[in-house]
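Participant: Sequence:
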Amino acid sequence: MKTFNHRLGALAASLMLAGSLSAVQAETLTILHLGDQESWLISAQGNLRDDAGQAISFYGGVDRLATVVANRKAAAPGTVLTLNAGDSFLPGPRLTASFVNLTNAHPDGGQDFYDAIAIRLIGVDATTFGNHEFDLDNTGPVAARFAEVSGTTYLSVNLDFSATPELAALEAQGKVSASKVFTTAGGKKVGVIGVTTPLLPSISSPPAGLMKNWSAANSELQNLQALLPLVQAEIDDLRNNQGVGVVVVMSHLQNAQNERTVMIPGLRGVDLVISGGGHELMTDPDDLLINGGVAASFTTHPVEVLDADGQTVRLVTGHFGNRYVGEVQLDVNDSTGRVAGLIGSKMIRVSGAAADADRVTGDATINAQVVTPVLGYIAALNAQVLGTTGVQLNGPTHAACPAAPCQYVEGVRNADINLGNLVADAMRFQGNADVAIQNGGGIRTNIGGPGNVTTGDTFNVLPFTNLVKRAPVMNATQLKDLMEHSVAASTPTGSPQGRFAQISGMQVTYDTTQAARTTLGTGQRIRRIVLDDGTVLVDNGAVVSPRTFSFATIDFTANGGDGYPFAANNVVFENAVSTVSYQEAFANFIKAPKAQGGLQRDNAADGDEITANLYGAENAFDRHGRLIDLAVAQATPGIAINGTGARDTLVGTAGDDVITGGAGADTLTGGAGGDVFRYTSVRDAGDTITDFTPYEDKLDLNPLLVSLGVTGSNGVASGHVRFADVIGGVQVLVDNDGSAGPAVARPLITLKGLTAAQIAPGRDLVATPAP
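Residue 731 in full-length UniProt numbering sits at position 731 of the sequence shown; the count goes up by one each step and never skips.
Please keep in mind that the hints were generated in silico from the structure rather than gathered at the bench. From the three backbone atoms N, C-alpha and C, an ideal C-beta is built for every residue, glycine too. Treat the hints with caution; some may be incorrect.
As the list claims (entries may be wrong) - Cβ-Cβ distance ranges computed for the label pairs, FRET-style: (1) P285 - P637: 43 to 51 Å; (2) A542 - P747: 37 to 45 Å; (3) V766 - P285: 55 to 63 Å; (4) D737 - G645: 19 to 27 Å; (5) V766 - N101: 37 to 45 Å; (6) V473 - Q514: 47 to 55 Å; (7) A767 - T653: 39 to 47 Å.
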């Protein structure tokens with residue numbers, strides 16, 4: 001425990017000045033704080049426990065966290081409160097285990113939760129409603145049921161619990177409330193207030209009418225400011241009417257900056273704020289960090305912020321995933337019941353690693369009742385292999401540069417990324433649509449590779465109960481406005497945004513230095529949209545095509561989640577009840593045969609279902625791929641490479657090369673960049689292109705088609721060019737006289753690692769010059 005000697009010295013000096021007068025007594029109040037547990041029940045790795053190949057799996061685990069909490073309770077002087085700043089659970093396989101195994105397991109005969117069992121056994125005194133508590137409320141009152149059986153009191157001053165009968169009943173029982181008052185061993189009163197993010201309606205699925213002092217027309221900042229009077233009124237009531245001397249606010253505002261810059265400066269009378277939702281790690285230099293974990297976001301714990309009266313308020317946050325236990329010790333004046341000073345604080349890592357002196361053994365009861373059954377459920381999911389991937393599939397990074405110039409880390413919330421492409425393709429496949437989008441915030445983790453992809457992986461990546469929705473008709477004006485919303489908060493430094501759309505069926509060029517969308521039809525960031533069939537919908541920022549097309553997304557965004565303006569754009573989705581979740585769509589896409597447009601290969605010789613050719617790592621800094629930000633993308637000049645009449649092996653550069661193999665059966669590898677593979681004659685037949693990448697590379701068959709007398713056409717409609725699946729790839733076939741003549745189509749090129757369904761002539765063939 002760190003001690004703050006300058007504060008203790010000041011206290012000692014005041015005691016000396018008192019002389020023979022009655023000494024000022026102080027009682028120690030210890031706050032243990034958690035937050036964003038998010039169903040990380042097994043370990044900090046997620047689904048592995050004490051695996052030698054994953055060092056981080058020896059850290060975290062709710063049973064080990066329970067031991068740390070119990071040890072600190074036993075060691076701390078005075079009164080100890082254990083507080084949780086929200087997001088006690090997160091949809092996904094570890095939560096699904098509760099729905100499968102614990103349907104009637106609670107003593108009342110109803111649904112129980114492994115997360116709730118752990119919370120009850122740990123002895124959490126109060127918890128704030130976060131956003132993830134409401135993620136499943138589109139399927140029923142899950143938040144209320146969890147609060148009912150959690151054994152803790154759920155708090156939020158800006159939620160109207162009368163919005164549902166279930167929450168109203170819990171409020172009548174005192175199981176949910178705006179605040180709660182605790183009495184210390186010395187008779188002092190401590191008031192704890194909960195605050196929930198005003199982003200709740202746009203990032204989760206709460207019941208209608210739940211939010212207080214909130215408007216859909218307001219910005220996030222305006223809604224944050226609007227809830228402050230609610231918090232202040234609760235503070236004033238606690239202090240003036242309920243005799244509370246110490247006030248703690250637990251605010252789940254998604255980002256500790258919201259507490260630092262908006263909430264604390266706008267309030268009076270708060271002693272300690274526990275922030276949740278942002279996953280920030282706040283430590284001092286002498287705190288031990290988790291091996292393989294996240295670097296500290298703040299280098300002091302707590303952070304001190306001035307309130308509206310210029311008084312110092314301590315701000316702490318508990319990171320996420322049962323990885324740390326935060327501890328704050330306060331002096332409480334015996335006479336006034338007010339906080340006299342800060343004794344010390346610490347972030348305590350949760351370690352089970354044998355080499356660590358601070359390692360703990362997990363609580364045996366929680367291990368048996370929670371960790372072991374959840375591990376068993378996960379093991380069964382991981383045994384269900386859907387296919388294989390030849391590459392690592394990258395998802396969230398939540399990383400961005402602090403300032404330009406820099407190259408930020410690409411992730412699903414700020415750039416074109418391979419896992420985002422895969423998920424968006426699954427949405428388009430399941431929705432039988434021309435175009436699809438998937439919000440980056442709905443993709444929650446990565447998939448390692450090369451190796452197997454399992455059912456467990458699909459649940460980890462796509463944990464929510466989002467259902468696939470289809471709009472049979474959309475136009476370019478509507479799509480442009482939706483994409484303007486997608487990138488409205490994005491920056492050239494790669495700031496991550498949950499609304500950022502991963503896309504399928506189109507290529508979008510945008511510019512994050514241009515004017516951002518604010519209302520319907522505004523925004524100049526979307527510069528160009530081209531469908532996979534080659535139709536240009538938007539050019540130079542203007543809609544240029546009347547073309548309509550079908551569209552797929554998830555019901556979360558279709559219903560306005562992440563602020564998506566589908567309703568404002570009058571997009572009409574099909575009325576048919578959708579029962580396919582985006583996780584199921586992902587699994588179905590991998591399992592569906594390639595002849596049906598899925599990824600499943602016919603036999604082992606076909607190779608991986610998920611290949612580097614279509615799902616390799618993307619580069620946000622070149623002018624290729626599905627999503628191109630002109631603010632950061634650079635042209636990558638290449639060279640012309642020409643083969644001989646023999647069997648050549650040609651390898652391109654990292655730039656945009658033009659490769660002509662010439663006669664003979666050649667092996668061509670373009671490398672990075674956007675490469676063009678040019679064919680001039682049927683004598684060039686027999687080539688293999690090892691790394692052809694849709695959206696980046698192109699085949700130029702125009703010189704060959706001219707040699708056959710075909711002009712003004714890419715040869716597909718006339719039957720001169722065809723595509724056929726073969727083992728290990730797709731063949732491009734050439735028929736000398738087209739579909740009308742007697743000649744037989746002959747193989748020209750084999751594109752490795754792709755299927756015929758993955759080839760789009762309008763996108764992958766160089767445009768045919770006008771006749």
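Participant: Compare the structure with each hint and give your call.
Facilitator: Structure-based check of each hint:
At roughly 47 Å, the beta-carbon separation of P285 and P637 lies within the given 43 to 51 Å, and the hint holds. Between A542 and P747 the Cβ separation comes to about 42 Å, which falls inside the hinted range of 37 to 45 Å. At roughly 58 Å, the beta carbons of V766 and P285 sit within the given window of 55 to 63 Å. A hinted range of 19 to 27 Å for the beta carbons of D737 and G645 is consistent with their spacing of about 25 Å.
Roughly 56 Å separates the CB atoms of V766 and N101, a value that falls outside the hinted 37 to 45 Å. A hinted range of 47 to 55 Å is violated for the C-beta pair V473 and Q514, which are about 28 Å apart. The beta-carbon spacing between A767 and T653, approximately 24 Å, falls outside the hinted interval of 39 to 47 Å.
Checked against the numbered hints above, the structure breaks hints 5, 6 and 7 and satisfies the rest.
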